[in-house]
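Number of protein chains: 2
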Amino acid sequence: MEIPTSHPRYKSLLLRHQLIDGFKAGLVIDSGLIAHGRGEAFDYLLGEKTCDFAKDAIAVTSAMLLTAKNPVFSVNGNSAAIAAKELIELTKVCNKLTLEVNLFYHSDERSKKIANHLKALGATNVVESSVSPAAILPGVESPRRKLNAEGMAKADLVLVAIEDGDRSEALVKAGYQVVSIDLNPMSRTAQATQVSIVDELTRLLATLIAQLQNDKEVSLDQLSRRISDYDNSKILNRAISAIRNGFTCEVKI
Amino acid sequence: MEIPTSHPRYKSLLLRHQLIDGFKAGLVIDSGLIAHGRGEAFDYLLGEKTCDFAKDAIAVTSAMLLTAKNPVFSVNGNSAAIAAKELIELTKVCNKLTLEVNLFYHSDERSKKIANHLKALGATNVVESSVSPAAILPGVESPRRKLNAEGMAKADLVLVAIEDGDRSEALVKAGYQVVSIDLNPMSRTAQATQVSIVDELTRLLATLIAQLQNDKEVSLDQLSRRISDYDNSKILNRAISAIRNGFTCEVKI
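Here the protein sequences line up with chains A and B, keeping their order.
Position 106, counted from 1, in the first sequence is what the working numbering calls 106; the numbers after and before it change by one each time, with no gaps.
Position 190, counted from 1, in the second sequence is what the working numbering calls 190; the numbers after and before it change by one each time, with no gaps.
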């Protein structure tokens with residue numbers, strides 16, 4: 001189906017089609033489609049734009065990425081299907097960043113397929129949680145508790161996107177600095193993590209990449225101050241207000 | 001996967017599994033899963049319960065069903081997958097009600113499959129828009145504009161669930177009385193129709209069935225007064241307020 005570029009929700013419909021393509025290719029599973037729909041509802045309440053509170057959270061994420069030793073982006077089926085290009089671009093701007101495939105509904109086959117999809121598009125630093133694990137994440141059952149030796153096992157900063165609450169809470173509890181990307185500011189994930197970016201994944205990655213490029217000129221002192229000044233509870237409250245306010249006018253879905 | 005009945009979101013997870021079963025059986029398509037996820041987000045903001053404004057809309061729907069000559073429930077893949085039993089129960093309590101299969105992404109095969117699914121579960125009055133159409137709905141393209149001779153073509157009242165805005169608007173414009181079932185009170189469907197039930201489909205059908213049973217004792221005068229007293233814009237405003245208020249406390253998803 002052709003989507004006219006003039007459609008007011010063109011980007012959202014395009015993402016949906018990318019996700020369905022990923023589903024047909026075996027990267028995404030059925031419940032990933034349902035999860036995407038939940039995100040769509042919140043995104044349209046946000047006006048499908050990167051709001052100021054997201055920009056603030058992105059700015060601190062940039063500072064954290066630049067000052068971290070071993071940052072890891074935890075990639076699942078949905079994020080690989082809709083944002084592979086942006087994720088690879090991010091590893092080019094921040095080349096110490098590792099992409100680690102970790103799936104809620106794990107299968108070796110799907111994990112491998114996602115890793116290969118990222119590599120085929122040019123990713124060089126991709127690992128899988130289920131391959132060569134060096135440690136396990138306490139409090140998480142299932143194969144997804146595995147932490148790859150070259151990725152999560154030695155990471156000091158983890159970015160999770162569209163993540164389930166149990167794993168996010170376990171990561172924070174295990175001492176990781178965690179940045180979450182979640183369109184629902186009231187989700188357990190957004191509530192648990194030290195930094196919560198309430199924004200759509202592909203959109204915020206573009207903003208994060210631009211921010212990282214600007215921040216390369218910024219002093220370490222300034223980056224550290226940005227991190228210590230950051231207050232995530234204020235960000236979440238602003239996101240909740242924005243969604244509430246999004247519900248006062250008539251929005252067409 | 002077994003869902004423990006003690007899970008706080010047991011019903012919601014059960015529905016999701018029913019939908020995925022319907023997807024595997026070919027009743028539901030991929031974009032139906034995404035649409036369901038959007039509904040889930042709104043339902044959890046409503047507290048996953050039938051609110052007072054929905055009860056008021058259900059009460060007027062009951063009166064309209066009892067006073068209509070030829071009511072039709074327009075059934076799509078998602079509603080057949082999650083609510084077949086409740087829909088059939090509804091036709092037993094209101095036996096002039098016809099179920100008409102009409103699909104956004106139409107295929108003869110899927111339409112037939114849905115009709116057969118309903119019949120296998122005991123439905124006797126099932127028709128398909130695409131079979132023996134007697135008229136077309138102006139302003140709608142695609143095979144879904146067809147109106148079955150025994151169903152929509154002679155209907156005076158139409159119930160639509162999880163319907164797209166274009167068709168809902170076209171139905172109202174064509175002179176139908178339309179009751180919509182939609183979890184988003186700001187959707188074009190909810191905004192266009194004469195009665196908007198903002199509630200989850202299976203939950204509200206149980207309430208509607210009970211209401212119809214009670215209303216069989218109610219006089220025609222009283223039912224007519226209930227219809228003339230009804231103000232849908234107030235219902236929508238109450239639904240919007242409820243969702244806004246649902247966003248003040250921390251809800252776990």
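Be aware that one or more of the hints could be misleading.
[Unchecked claim] Heads up, simulated DSSO-like pairs for lysine-lysine below, C-alpha to C-alpha not over 30 Å straight-line:
1. B:Lys234 to B:Lys112
2. A:Lys24 to B:Lys113
3. A:Lys154 to A:Lys11
4. A:Lys96 to A:Lys113
5. A:Lys11 to A:Lys119
6. A:Lys24 to B:Lys112
7. A:Lys24 to B:Lys55
8. B:Lys55 to B:Lys11
9. B:Lys24 to A:Lys113
10. A:Lys24 to B:Lys24
11. A:Lys49 to A:Lys24
12. A:Lys112 to A:Lys216
13. A:Lys112 to B:Lys24
14. B:Lys55 to B:Lys112
15. B:Lys24 to B:Lys113
16. B:Lys11 to B:Lys154
17. B:Lys24 to A:Lys11
[Claimed, not checked] Which residues of chain B face chain A? A few of them, derived with a C-beta cut under 8 Å, are:
18. Arg9
19. Tyr10
20. Leu14
21. Arg16
22. Phe23
23. Thr50
24. Asp52
25. Val172
[To be verified] Sample of chain B residues with no beta-carbon within 12 Å of chain A, all distances over it, derived:
26. Lys24
27. Ile29
28. Asp56
29. Arg110
30. Lys113
31. Lys234
32. Arg244
33. Gly246
To be clear, the hints were calculated from the coordinates, so they are not data collected in a lab.
Every residue, glycine too, gets a C-beta built ideally from N, C-alpha and C.
Hints, one by one, checked against the model:
Among the hinted pairs, Lys234 (chain B) with Lys112 (chain B) is inconsistent with the structure: their alpha-carbon atoms are about 39 Å apart, more than 30 Å. Distance check on the hinted pair: Lys24 (chain A) and Lys113 (chain B) sit about 22 Å apart at the alpha-carbon level, within 30 Å; holds. With a C-alpha separation of about 36 Å, the suggested pair Lys154 (chain A) and Lys11 (chain A) falls outside the 30 Å cut-off, and the hint is violated. At most 30 Å may separate the alpha-carbon atoms for a hinted pair to count; Lys96 (chain A) and Lys113 (chain A) meet this at roughly 23 Å.
As the CA atoms of Lys11 (chain A) and Lys119 (chain A) are separated by approximately 25 Å, the hinted pair is consistent with the 30 Å bound. Taking the CA atoms of Lys24 (chain A) and Lys112 (chain B), the gap is near 24 Å; set against the 30 Å cutoff, the hint holds. With a C-alpha separation of about 40 Å, the suggested pair Lys24 (chain A) and Lys55 (chain B) falls outside the 30 Å cut-off, and the hint is violated. For a cut-off of 30 Å, the pair hint linking Lys55 (chain B) to Lys11 (chain B) stands: about 19 Å separates their Cα positions.
With a CA separation close to 22 Å, the supplied pair Lys24 (chain B) and Lys113 (chain A) stays within the 30 Å bound. For the hint pairing Lys24 (chain A) with Lys24 (chain B), the CA-to-CA distance comes to about 13 Å; that is within 30 Å, so the pair holds. With a C-alpha separation of about 28 Å, the suggested pair Lys49 (chain A) and Lys24 (chain A) falls inside the 30 Å cut-off, and the hint holds. This hinted pair does not check out: Lys112 (chain A) and Lys216 (chain A) have alpha carbons roughly 34 Å apart, beyond 30 Å.
This hinted pair checks out: Lys112 (chain A) and Lys24 (chain B) have alpha carbons roughly 24 Å apart, not beyond 30 Å. Under the criterion of a C-alpha separation no larger than 30 Å, the hint pairing Lys55 (chain B) with Lys112 (chain B) is inconsistent with the structure, at around 33 Å. For the hint pairing Lys24 (chain B) with Lys113 (chain B), the CA-to-CA distance comes to about 12 Å; that is within 30 Å, so the pair holds. Pair hint Lys11 (chain B) plus Lys154 (chain B) does not hold up; C-alpha atoms about 36 Å apart against a cutoff of 30 Å.
Under the criterion of a C-alpha separation no larger than 30 Å, the hint pairing Lys24 (chain B) with Lys11 (chain A) is consistent with the structure, at around 28 Å. With 8 Å as the threshold, the beta carbon of Arg9 (chain B) stays out of range of chain A, its nearest partner Cβ sitting at about 12 Å, so the hint is violated. With a cut of 8 Å, the hint placing Tyr10 (chain B) at the interface with chain A is violated, because the nearest CB-to-CB distance is about 16 Å. Checking Leu14 (chain B) against chain A: minimum C-beta separation of about 13 Å lies over 8 Å; hint violated.
Given hint, Arg16 (chain B) at the interface with chain A, holds; its Cβ is 6 Å from that chain's nearest Cβ, closer than 8 Å. With 8 Å as the threshold, the beta carbon of Phe23 (chain B) comes within range of chain A, its nearest partner Cβ sitting at about 6 Å, so the hint holds. Below 8 Å, beta-carbon pairs count as interface contacts, and Thr50 (chain B) has none with chain A, the closest being about 20 Å; its hint is therefore violated. Interface hint status for Asp52 (chain B): violated, as the beta-carbon distance to the closest one in chain A is roughly 18 Å, over 8 Å.
Interface restraint check: Val172 (chain B) against chain A, minimum CB-CB distance 15 Å, threshold 8 Å, status violated. Not every C-beta of chain A lies more than 12 Å from that of Lys24 (chain B), the closest at about 8 Å, which undercuts listing it as non-interface. For Ile29 (chain B), the requirement that its beta carbon stay farther than 12 Å from each beta carbon of chain A is not met, with the minimum near 9 Å. For Asp56 (chain B), the requirement that its beta carbon stay farther than 12 Å from each beta carbon of chain A is met, with the minimum near 20 Å.
With a closest Cβ-Cβ approach of about 16 Å to chain A, Arg110 (chain B) is found to remain outside the 12 Å limit, as its non-interface label requires. Distance to chain A confirms Lys113 (chain B) as a non-interface residue, since its nearest Cβ pair spans about 18 Å, more than 12 Å. The non-interface label for Lys234 (chain B) is consistent with chain A: the shortest C-beta to C-beta separation is roughly 15 Å, beyond 12 Å. Its beta-carbon lying about 5 Å from the closest one in chain A, Arg244 (chain B) breaks the requirement of being farther than 12 Å from that chain.
A beta-carbon of chain A comes within 12 Å of the beta-carbon of Gly246 (chain B); the shortest separation is about 9 Å.
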